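Q: Dock the two chains into a complex; use the hints.
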Amino acid sequence: MLEVSGLNKSFGSFQAVNGVSFSVPKGGKLGLLGPNGAGKTTTISMICGALHADSGQIVLNGAQISPETHALRKDIGYLPQEVALIMELSCADNLRFFGSLYDLNPAELKSRIDWALQIVGLIDKKDQVVRTYSGGMKRRANLAAAILHRPALLVLDEPTVGVDPQSRNALFDAIEGLCREGMTLIYTSHYMEEVERLCDDIVIMDHGKVIVQGPPSKILELARGERRVKISFDPPYEGAAERDFELPDLGPSLAALLNDLAQKGATVTAVQTSGATLEQAFLNLTGRELRD
Amino acid sequence: MLRRLLNIVQKDLKVYLSDRRAVIISLMVPIAIASFLAVIFGGVGGGGSKKATALLFVDQDNSPESQRLFDRLKEGKSLAPERVTESEAKERIASGKASFGVVVPKGFGAKAMGGMMGGEKASLNFLFDPSKSTEAGIYRGPVIQSAVSAVLNKPMSDYPGPIQIESTPVAKTGLTDRQVTMAHAFAGMAVQGILFGSIELAMGLIRERQRGFGKRLRSAPFNPIWFLLGRWISGAVIAMFVMTAVLIFGVFAFKIPLQGSVLGLGLTIVCSGLMSAGLGLLISSLGRTEPQSRGLSVFIVLFLNMVGGAWFPSFLFPEWVQTVGKALPSTWAVNALDAMTWRGQGLSQALLPSAILLGFAVLFVAIASRKASWEPVQA
Ligand SMILES: Nc1ncnc2c1ncn2[C@@H]1O[C@H](COP(=O)(O)OP(=O)(O)O)[C@@H](O)[C@H]1O
Ligand SMILES: [Mg+2]
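Residue numbers (the working numbering), protein chains in the order written: chain A, 5 to 296; chain Z, 10 to 388.
Simulated from the structure, these hints should not be mistaken for lab results. From a predicted model like this one, the values you see are computed outputs, not experimental measurements. There could be a bad hint or two in this list.
Here are a few chain Z residues that face chain A, going by a calculated C-beta distance under 8 Å [unchecked claim]:
(1) K60
(2) G221
(3) F231
We treat Cβ as the ideally placed atom computed from N, Cα and C, and that holds for glycine.
Here chain Z stands alone, though its shape is the one from the complex (with noise of 0.2 Å):
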């Protein structure tokens, strides 16, 4: 009994250690991650190296009070503080430009000095994209902190002092926190959702390539890259399949709002589908076996995922970190269906985003056709 177990168990660890790369993969995919998290998240409590966030500063007040504030802000690091108009700095933050302001009304000077003599609280206005509410409630803090110093006119404290903050998220159209929380949830799980079936289609062409149908294919009587090609446009059809029904589903059954142009949408999902599509075909050219290519795979699509910001608010990683994260297909692809849904943004606000989503694409497929290997694996 014991050893007929031990059998199986010694048969399915033979199998393992078959592939070395693949062991290694195996072995490296975790590793690698850890390291990373490690790493990423390591950094936060240092701190110091993180570039400072912007923050829109409208001053109706034009008060010493104000000028204090915007420079103490200033101080504080955390925060990046511009000048700008209320109209600007709402269009700027409801188009995902920009993402935290600051409005300091009229007479909030004179009113904070009243406050501090027990009359009414002066009040500030925070506002905040719905999509970063969780940063939202971090960055408050520095700036009620500078804005009671700024008041007192002395350093920095934990004083509470007179002033209280109001927050507004700015989305185009009334939505509510809940519905682009929900919005932005469903633009990430779409573009995830994608990025996971370019595993399986590069899997699918890993293992066709193995059996006889890889040869019987190659023996056409035309350039084998068209395969690849065919592969790169049915993958596609199939990944813009996936994110028009996870969208339709989100509008169907949480309100998701559709407020941007519907073109870009269309031109957002055509593109996201033959990035993903090219990402499979460049995983598929990257390992030898199944299982070498699954590892990798594995390792990019996680990749894609956290720093793209799915799983993760990008504030929880470091500047560099971030940085890179905007460069990534992914983050392109939710900030255009972010921009195409519930922000409302019109068609010119979805060409950037498609254009990189095809020059990724492109790139994937080039490299993909010149490393495919159409010669039978050699373990």
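Next comes chain A alone, as it looks inside the complex (with noise of 0.2 Å):
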């Protein structure tokens, strides 16, 4: 469904996104995964068309998308970021203006903003202002207005946020719905939960460059050596409450260190894993902790 090979771009002498590629085949969910200034806002702006690229080919359906091919767009719903919302008006009279911009028809329009409220659970604030919503009702309101078209390309911009833990849930519940009904997603985001629990294929992106991209097993596969265990004691063993080791599985591995712990007499109360997480991968591949 979408094809990104080679894109580059630069602010005066600073590359953002140097030669990035990756695809995303219809009905898949893409998480773009990097820490803050890794280039991913760069990249889906030139996606969604508000950029130009240097260089590089972006095709959607097999057309090759820029800011000058303006009906392609029409496919792609595109959360921004920041919030993009016009704060004198009510959240009904957002989506309106939104919706119009996409050619609906009152009726249609009328019946999509209603569908869009009741996906982010904002049905009964819609008359409200929005400059008086908080945070998290300002994102909800922001992904309605992305998806009252209902592109076949959804890209959300860190959707997440500064966003309560409330409506964090109720986004997320939100994009989840769409997903089941066919969305293709491109979720970016540096919280290593969501991309799991949403994507079936991740794009890990540091300095402007793809590092990685494969199914979450890959990612988890590439970030496995480093499987860590929280042992508690009762009483402490070798003067301590619980100690933490590292071990390449969960299995024999593990099985031996209980054994060896039992033979030196430690009286083992708790072990806590933690499997590999995306967080420990990209410390794996880049040396660095994600939210630096």
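A: This is the structure in structure tokens:
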């Protein structure tokens, strides 16, 4: 469905996106992951036609995309990183405006607005002026504005940043619902859990480059070798009530460890494992913490 | 305590200095305006290069004295007399095509000679456009001096002589000076108001582009130039609303006379609105950041208001500034409003100014749409 190849973009002498390539099949859910400044927003701005690429290709359903290929953008729903709403107007008025950009007829528009408001859970607050919304409600309204025209490709730029936990869950449920309906998704984030939960393919970016692309299992594979196990003792063993161990796997290695500890006379009261996370994967791949 | 204050001051200064172009513009604006005024008002004293002001000369006397008066006026260089009939003079002044005139009534020459012997003083009738009463006061002097010199057949002097001069404001219908002054002020302020509106429009557009909102709009499935055109129309409607409101207020509170073509007034308002909104788009395309554009826009709008005659009577300016002033869209708008309100002119007198305002509007929008930076700004 979407094919990005050799994408480059510089701001002055600074290269924000450097030879980025990846692809998303129809119905695919791609997580675009990377620390702040990795070039995620710049990349998807080019996909959404809001920014000119210096070079490289973006092909959507066989057609090449640029800021000049206006009509192709009707298949894309774009949620910018910043809230992009008209603060002076009500949520419903905002949605009417954004919906009107996609040539929906009035009846269609009305039902789409109700549908979108339902999905993001703002139907009760739809006549409230957006300025008075909480940060989380604004982000939800923002998402509603992006999906009104039922785009085939939904591009979300850090939709849960700065969102309270309740709104975050609502947003997340909404996105999962949309995915079930078969929308193709590009989901930008630096929250591991979200991407892990939602995406079937992950691209990790840093310094404008793609470091790795693959399904979560492959990314986890890459992260392996550092499975952490926290073991608690009572009474303390060698003076510690708990200790961290790093194990190559949680099968024989863990059994051997527990066996060994028992033989040394330690009384194990709890074993807490943390499976390989994308955070660890990122650390392994780049040697950097994700949120630095 | 002091430290806290210093920290706050330091923060603000850092913010100010962070946008170098905006700093340069913020310095350039007052310097440019001061230099401009210095050149203009410095030039007034030198005076020599000023072009003579047209003076419609109505000779009902046809005497040697009236002939000499015409010649003296011509020699005087500050006025350029032109022979016309009385009705033509009144028509031209009332419609704003000329500003001043003098009527030499029948028997002027003979009476003037008698006046010298201690008889009744001869009088001239000085005609003026009531929206130019300040200038009228200045030009009456040379007229009376020339008249005395003509009657005495001697070089000009300050000798008061046997001549008196009456002043008659000429307007379409018997309006008082006061009404005209107020009506003219309202026309000027209505135009000034929409020009300040252009700054607001420009700032709003720049802010919108900088936020994610602009990016969101650019992802809509059509050419983003439509957003620019939409802004143009909405800005024009707002400007029309402002202008109309100012004029309606003037009509009710100050009895501003609406004696011209209503259609012409409407046309003027529509075209002025389109022009000022177009100017707003143009300004928004000039600077990259809000402070930069704000500096530029203040300069542009001040210039339009100052030279367009909204603040200073245009006779204060040297010839070239007056010439430039006549070409400015703000001047055309004020003149057209004058014509359609207290001057009581017909629709035909609104056509040319409206066409010119529309031309400016289209020009501004064309430049703005070519230069509009849809890419996000880099500070
Ligand atoms: N308009 C711009 N002008 C200059 N630099 C920019 C601009 N937009 C982004 N950048 C820079 O490009 C890099 C990538 O930014 P971005 O794509 O927003 O990263 P991410 O979304 O992954 O956090 C950053 O270092 C950022 O400072
Ligand atoms: Mg980003």
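Q: Which earlier hints can't be squared with this structure?
A: 1
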